[in-house]
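Residue numbers (our numbering), protein chains in the order written: chain L, 1 to 442; chain S, 1001 to 1088.
Mixed in with the good hints, there may be bad ones.
[Said to hold, decoys possible] If we take Cβ atoms under 10 Å as the criterion, some of the chain L residues that face chain S in the derived model are:
#	residue
1	E17
2	R21
3	L68
4	F116
5	L119
6	I219
7	G264
8	S266
9	G371
Rather than coming from a laboratory, the hints here were simulated on the basis of the structure. Note that beta-carbon positions come from the ideal geometry of N, C-alpha and C, so glycine has one too.
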Amino acid sequence: MHWNARDLQRRLARALEVAERAIAFLGDAGWRAGEADGVRPEKVLSETALFLLATRDACERTPELAGLHRSIAVALVPFARNERSAALIALEPVVALDHALMHLCLSRMGMADARFDRLLATALSSQGAAGRERLPHRAMEQQWLLRMTNASPARLARTRDCILDHPLDAIAPTPDDLYAFTHCLLFGTDLGLRAARFGRSGAALATDAETALARCLDIQDFDVAGELLMTWPMLQRRWSNGASFGFLCLAHAEDEAGFLPAPGMSLQPLASLSGIDRTRHLLATSYHTIYVMGLLCALALRTGVTPRSSLSPSTRRVLPRPREVLDPAPGDSRVWCKVFDGLPTAAQEALTPFLLTVQIQRAAARRDFAGIQRLLGVAAGFDLLGIPAARQGLELLQRAAMLGAMAVATDSDSTAIGAPAPGQPLHRRSIPSIEPTVIARP
Amino acid sequence: MIKDQGKLAGMDREVVQALLDSGAVNFKAIGEAVGKFGPSIVLNGDGEDNFCWTMRLFIRIFKRPTPWGELDELGELRKHAAPEIRGG
């Protein structure tokens, strides 16, 4: 059973309404509350432009969304093409594409402006325009923007080795890793509009995304979780059980809160705010995650690659009552735990790889090597040692065992200058004894 | 300065110590500069690191991921945040 298209449209409409308000409340000045929190208007507006471009096809197919989409795009025009943006394009050619992002998105939506096209073309033809080194995912973004200008793609350096060419860190991926992963996919596939070839197969990329998704759901980062879920429609891949479960969790959170909340969203800062400041603060801290959900729904609608509303029973041997075995903590209020507990037994059993991944990631974060070893024993018993978290967990144990066998300097030694004198003893750290090759079957 | 597996050679260390003792490196001034520009770098940076002075780095300033706490209860967010976010 695939997710109901009307429900996806409803969620997309919700994000569009927020986009309209984000322009109205944040377009002029963004939001800044003290020194610790804030968002620049350029960020909100650029992301709104990208959101509108990526959702256009899905909205145009739905009469009740097409008008709203168009009116938001029209509202964006004065921010995209004004004296300031023209000056920035003219004066800073090395970042001209960044300054022109909104203009390019609007042009691609059929709202062209020849004056800005000419100005941008002139800036891009200047000698220093390509003279900046960028991270691979940023270079892909530049190439994506450049393609929208109809300028020669050869003008920019080819994208070097990017994060998609290598397996992700399955144990402890950082936000930067996942940002690079999701944005390489986003720009490499032209927001899912074209098939793209990367250094690794679509299956391998989807496996990476599913592994990282487990971590994001466990730390309740629905923002990055939503970006990771775009992997399936962008690569035109049938949604896996883990991915469909992820979407189910996001939909549940959105339905419960009335919007998809940003990571760690708290009402506490609202206590000192009122009126328009309160509204600005709420929009500034929420709009991005809401866009992610809308974009995800639009991608699913446009590609026809929609999440499954019910999970498939596993075809392999399953762990009965997996959460009782792997995650026995009662009363866990995390969204994924609530959603999981409401699933039929067969669906819960089919999510054993997800549960194992979450537990291995948690154990690794605690440096609980014995815990990892126990979990690998469970994985071995159910033919799940091949999942990335198990493979990398095993590697971690092997490295930890090597570390335990080494004589290494303690922190107190590190204050010494140079190497210890001959005969000077080295102290060993206390490393737990581990035999990673011995994985007990349950 | 020559580094040998993370440790300064003896002569280098003496040079560093002499610089520190002489006050040639004004850490108070650096602290004030960081205090002045740090917040705007945090807000306006795009995730890449910013450094000052020469390629021999004295200070490297990173934009750290925004720490977050526990997500508030979803029903409370619906009651107190959703109406203003969605409007109407």
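Structure-based check of each hint:
1. E17: Holds: closest Cβ of chain S sits about 6 Å from L:E17, inside 10 Å.
2. R21: holds (5 Å)
3. L68: With a closest approach of 13 Å, the L:L68 hint is violated.
4. F116: The hint is violated - L:F116 has no Cβ within 10 Å of chain S, the shortest such distance being about 23 Å.
5. L119: violated (23 Å)
6. I219: Result: holds, 9 Å to nearest chain S Cβ.
7. G264: holds (3 Å)
8. S266: Since the shortest Cβ distance to chain S is 5 Å, the answer is holds.
9. G371: Cβ of L:G371 sits 23 Å from chain S, so the hint is violated.
Violated hints for the displayed structure, listed by number in ascending order: 3, 4, 5 and 9.
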